[in-house]
Structure formats: structure tokens, C-alpha cells
Amino acid sequence: MSLHSFAASMAQTTSLTSLLSLYIVSNLLISGVMSTTFTMLNKCDYTVWPGILSNADAPPLSTTGFALQKGESRTISAPTSWGGRMWGRTHCSQDSTGKFSCLTADCSSGKLECSGNGAAPPATLAEFKLDVYGGQDFYDVSLVDGYNLQMLVVPQGGDGPNCTTTGCLVDLNGACPSELKVMSVDGKDGVACKSACEAFRDPQYCCNGAYSTPDTCKPSSYSQAFKSACPHAYSYAYDHKTITFTCSSSPDYTITFCPSPKYTSQKSSQGGQRKYTDGKVTTNSSAKATQGWVEGERPPRAHHA
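Take the sequence shown: its letters are residues 1 to 305, numbered as in UniProt numbering.
Keep in mind that the hints are not guaranteed to be accurate.
Said to hold, decoys possible - Simulated pairs of lysine to aspartate or glutamate, EDC-like, Cα-Cα distance not exceeding 20 Å: (1) Lys188 to Asp45; (2) Lys129 to Asp159; (3) Lys111 to Asp95; (4) Lys181 to Asp202; (5) Lys99 to Glu113; (6) Lys218 to Glu198; (7) Lys43 to Asp171; (8) Lys70 to Asp45; (9) Lys129 to Asp252; (10) Lys181 to Asp159.
No wet-lab data here; the hints were simulated from the structure.
Start from the sequences and build out the full structure, keeping to the hints where you can.
Take a look at the structure:
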């Protein structure tokens, strides 16, 4: 090979390398721009300590736990295709040895950061899986692990008929039946409400064993009370019909703890405007007040043969 040919070959290789480097850098920049942000807002009259757990196939975020004073907010970025859950811990404190713990939704890490641990039930959960099935985000608010505080998830931007607000705006702690209620340290107030599965460890409530399929595991009187109070939240393991929320076009999300009970969503997953007002949920096609615990009625415990 002549010196001229060698020089030309090297120039071509250098050019290709430069183009490849530019392509990689551009993709990294685009990936950063396309990341999703989660803004957590505390409208409770008390401090909430959010916790975050990434799915096994997703990277951990920049924080897994922090404090939000009344009225404070914090925004966290998540990469494309991230999945995981978020929740609010309440009644948290640090003992004389420096161990951090919470009365509800504790992640048992012994510190402010949850560091890969999930929430101990009962806990209201916001669950996300980003950029799946044709670029859609899937999200929900779940009471399957019980309830500890009100929560609202609002997509900021995004497209699709099911790209709308979801959550649980009703305070279930006061009306929670005694067999499910978690009490404050002084025993005066209810601070969380267990799921029937957590309270009784019965396969019929937990959807396991002989009740491990949608055909065999049906809603119980307890999960139906959750559903009546919070119609657009998961109430038990196979509750899929009214709580599938999806958004395309990579929206951001706001997660509000203790949102105002008077909240109007401009979209509805049922094709009409959905309004939240004082613990009641209505749509264009139907108007139904929450029932059961919100009105002071306690569902009977199921009896098994």
C-alpha cells in the first residue's frame, strides 16, 4: 500500500470514528431530553416521607427516600423505560441510636433512603412502567397492599383516551373497620387501613393457592368497599377493568399526597369528564356517591365453608 493510500484509508477511518462518536453522543443527549420527571407534592397537614423502589429490570433513581414538609415539592428524573413504585411514609421518627422508621409504609432500611426496599403494607402505591408496548406509559394507583394516605397521579402532557388523572382522594383511615385498622402509637387515631389479605392471610383474599386466577379470585366485601371509595384505584389483585391508564408521547407526572377532595379531571378513561368532589366520584353518564366506609357502614367479613 502506498503512503498516499494509507493516509487516505486512515482519514476515512477517522471520519467514520468521528461520525460514530457523534451518533452516540447525540443519542445520549436525546435520551436525556426524553427522560420523564416525577414531581411529588405534599398537600398534607403533616410531613410525608416519599419512598421509591425501582423494578428489578430498571436502574435506581437519584434518591430512594426523602422528606417533604407540608407544602413542599421535589422533582426527580427517571430514564426512558423506567419502572417502579412510589409511596408516602407517615409518622416517621429517628430513635436514640439513629435508626429511622415509620409507622406506615416503612421500608425497613433503618434510614431515610429506602435503598432497594419496598413499602411495608398497608401503603397506597403509585406504580409506573414507562415506554412499553409502542412507547406507551402504564400507570396506576393501587390499594392492593392497603391504604395509608390519599394520593393523586396527574400526567403532564401525553396523549391517548386513557391518559388521565387517577388516584384515591378519600380518607379511609377514620372509617376503616377495626379488624383492618392500624392505630397511632397512642391508640387514639387510625393511621392506615390494611387489605383483607394482609389482615387475615386468607387465600381467598390474597388470590393465591386455590384462588390464584381471575376466575377463582373475586372481589371481597372489603375490596369492594375500597373500590366504592376509590373507583379508579386497584382494589385487589385481579381488578383490571377500570384502572388501566396509559399515556403516549412521554409525559411527566405529578404525584400529590393529600390532594384537595375537590378536583376536576378534564378527561376520563370512561369517555366522559370525571369529577372528584368531597369524596364523591361522578361521570357524565352516571353519578354515584361513595358508599360503605365513607358513609360509616362496615362490610361484613366473608365466611368460608
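These are the hints, each one checked on the structure:
{"no.": "1", "hint": "Lys188 to Asp45", "result": "holds, 18 Å"}
{"no.": "2", "hint": "Lys129 to Asp159", "result": "holds, 16 Å"}
{"no.": "3", "hint": "Lys111 to Asp95", "result": "holds, 11 Å"}
{"no.": "4", "hint": "Lys181 to Asp202", "result": "holds, 17 Å"}
{"no.": "5", "hint": "Lys99 to Glu113", "result": "holds, 12 Å"}
{"no.": "6", "hint": "Lys218 to Glu198", "result": "holds, 16 Å"}
{"no.": "7", "hint": "Lys43 to Asp171", "result": "holds, 13 Å"}
{"no.": "8", "hint": "Lys70 to Asp45", "result": "holds, 6 Å"}
{"no.": "9", "hint": "Lys129 to Asp252", "result": "holds, 13 Å"}
{"no.": "10", "hint": "Lys181 to Asp159", "result": "violated, 39 Å"}
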